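Novice: From first to last, the protein sequence lines stand for chains G and X. All residue numbers for the first sequence refer to this note's numbering, where the first residue is 1 and numbers rise by one. All residue numbers for the second sequence refer to this note's numbering, where the first residue is 1001 and numbers rise by one.
By construction, these hints were calculated from the structure, which means they are not laboratory data. A portion of the hints provided could be inaccurate.
Computed Cβ-Cβ distance ranges for the label pairs, DEER-style [what the hints assert, rightly or not]:
(1) X/R1129 to G/A218: 30 to 38 Å
(2) G/H287 to X/E1047: 28 to 36 Å
(3) X/V1312 to G/R129: 24 to 32 Å
(4) X/T1245 to G/G6: 46 to 54 Å
(5) G/S122 to X/V1312: 45 to 53 Å
(6) G/V133 to X/H1287: 36 to 44 Å
(7) G/T107 to X/A1160: 44 to 52 Å
(8) G/P306 to X/A1225: 51 to 59 Å
(9) X/R1226 to G/P306: 29 to 37 Å
(10) G/D304 to X/E1318: 38 to 46 Å
(11) G/G175 to X/V1312: 36 to 44 Å
(12) X/R1226 to G/R129: 31 to 39 Å
(13) X/G1037 to G/R129: 50 to 58 Å
As the structure is a computational prediction, the values presented were derived from the model and not from experiment. Idealized CB from N, CA, C, for every residue including glycine.
Protein chains: 2
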Amino acid sequence: MIDEAGLPEDAPLAAVWRGPLVESIHRGRLAVCDPKGNLLEAVGDTEAYIYPRSAFKPFQALPLVLSGAADEFGLTDEELAVACASHNAEEPHLDAVRSILRKSSLTEGDLQSGAHLPLYESEADELIRSGEVPRPIHGNCSGKHAGMLAVCVHEGYATASYRDPGHPLQRYILGLIAEICGLREDEVIVAGDNCGVPAFAVPLQSFATGLARTTTGAELPDELARAALRIRDAMREHPYLVAGTGRLDTELMGSTGLLVKGGAEAVLAAGSQEGWGLVLKISDGTHRAVRPVALAVLGSRGVDVPEVNSSVRGLHGETVGEIGPLFQASDTA
Amino acid sequence: MIDEAGLPEDAPLAAVWRGPLVESIHRGRLAVCDPKGNLLEAVGDTEAYIYPRSAFKPFQALPLVLSGAADEFGLTDEELAVACASHNAEEPHLDAVRSILRKSSLTEGDLQSGAHLPLYESEADELIRSGEVPRPIHGNCSGKHAGMLAVCVHEGYATASYRDPGHPLQRYILGLIAEICGLREDEVIVAGDNCGVPAFAVPLQSFATGLARTTTGAELPDELARAALRIRDAMREHPYLVAGTGRLDTELMGSTGLLVKGGAEAVLAAGSQEGWGLVLKISDGTHRAVRPVALAVLGSRGVDVPEVNSSVRGLHGETVGEIGPLFQASDTA
């Protein structure tokens, strides 16, 4: 009745319990790879493609360093971190984005990141109370867009068309992603991201391999390795600027020292200097399942992680259920 | 590695496409049953339990009619509809809830439905702008709670403890659910709902059978059948009061004449006067998958439904993907 051909194999990874029963189930796929592309852990079909979405932002920010734009404009590590961010639109995020624009002789009007309410609820409420309409700078991707624009200014590329898949900057990013992930350019699939720039898709394990490379510098040409480590260090030193208050990326980067970046539709990328990259995709795209699954896998790799299970609370503050992994992470090898 | 024992069998039912690839997948289970309990269509393990959550509200409202409370207090069909609602907290919803309370000599202070921002975004924004804090009446379940309280007043039950699983009203509801679904009382599992009243779980196909019964009156004792049809008609005549602007239940009830009620964690119940009840549970609890799957199944049963697939739009208004069923509904029998 249902054609499962073409759907990648996955496995149940997390459950939401209510009372004595499982109420909902989240399936997913994951891979842990080393920089040579060896698969250290795998769940499901890891050769099948994923859209890393915002988890690709650290790769998309590489031209900022590689082109020399970051040096020409004197960008700080804080500004490099926000260029890799899916930020909360808290004031320090907006300040860092504005600073990239100012240093590149641009303004908020040049941003084409698309407007949405701040991800951080109290900032969103504040904006609603003020009667202001969300602007592109409030979009969680505005740092990425400011960074892309800075490269265009530095390189003399057109700024108005920077979102086009055929723009030289987007072609440059596609080439970098292919190189880092060990793919031919025609093996990288191009679609559209919600913020209007290309969304690239690659095999899940190719991304995990690329992540291991960019987190260690291994298996990359010297200049690319140096740029990757500069981005990595900027993010790890400023985890708050990469996401913000209450966000998993910020919490995990701060507490573990890993490079951590999430993406829409429940993607998480976590890279270790010890020489591995973990990529997780919850098949149904539900964010709530990312945390318990990621923590369980990281814990099994010897990373010191917080409590894996968390309570589901009702409107009266009482515990009505629990969310946690179904996954015995130590058995994944 | 992963113990799938104890997890009910399900199947992929909907996909979210981005560009040429499936980005996310939603699995689920469903049953269509007639009032005698015959399984007319099935996907996955339909004997496994589900928590119908708010999809049980029409059953939870039956005591309002059966006890005589609705008649004593002169409740209108609009008020019966809001007693079955997961409402948007638009003004007509709040007015109807207030009217039930007033007719039962109660006030907003008696509601223990738990406070959350109105489900309808513009009402939520309005409340934020006004500086008001959400009150229990804004909770989507406040009509159900007002109805429960009205029964307590009519029956002389304690109103302060109406949420307790051992309260006579909650025991009464448990007994009704068992009777309608053809179960023993000890086969109904009791947990806690987010609004603080019991959340009951039953086998998916037992709920579909019960829904077929309450939508037709068939296979029920006369008094219960009459009460069920009165609730059914109140809901179908006032679909706006059961949910509100932009909501699937309201749209589908209005356009199809079916009895439609959704529940949290992606449950949908749709009952037809022609003698069947459809219950759908998206395994991962994601609401966005309910609509395409429900429409595909209903369409295959000859119901005139709107366009099944819908676009996923980016922040610039462009189409970046699509959500639709994977499921060839006509093949489910």
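Novice: Determine for every hint whether it applies to the structure shown.
Specialist: Evaluation of the provided hints:
1. X/R1129 to G/A218: 30 to 38 Å: Given about 53 Å between the Cβ atoms, the range is violated.
2. G/H287 to X/E1047: 28 to 36 Å: holds, 31 Å
3. X/V1312 to G/R129: 24 to 32 Å: The hinted range 24 to 32 Å holds for X/V1312 and G/R129, with Cβ atoms some 30 Å apart.
4. X/T1245 to G/G6: 46 to 54 Å: violated, 37 Å
5. G/S122 to X/V1312: 45 to 53 Å: violated, 28 Å
6. G/V133 to X/H1287: 36 to 44 Å: violated, 26 Å
7. G/T107 to X/A1160: 44 to 52 Å: violated, 59 Å
8. G/P306 to X/A1225: 51 to 59 Å: Between G/P306 and X/A1225, where Cβ atoms are some 54 Å apart, the hint holds.
9. X/R1226 to G/P306: 29 to 37 Å: violated, 55 Å
10. G/D304 to X/E1318: 38 to 46 Å: holds, 43 Å
11. G/G175 to X/V1312: 36 to 44 Å: Between G/G175 and X/V1312, where Cβ atoms are some 27 Å apart, the hint is violated.
12. X/R1226 to G/R129: 31 to 39 Å: Cβ of X/R1226 to Cβ of G/R129: about 50 Å, so the range 31 to 39 Å is violated.
13. X/G1037 to G/R129: 50 to 58 Å: holds, 53 Å
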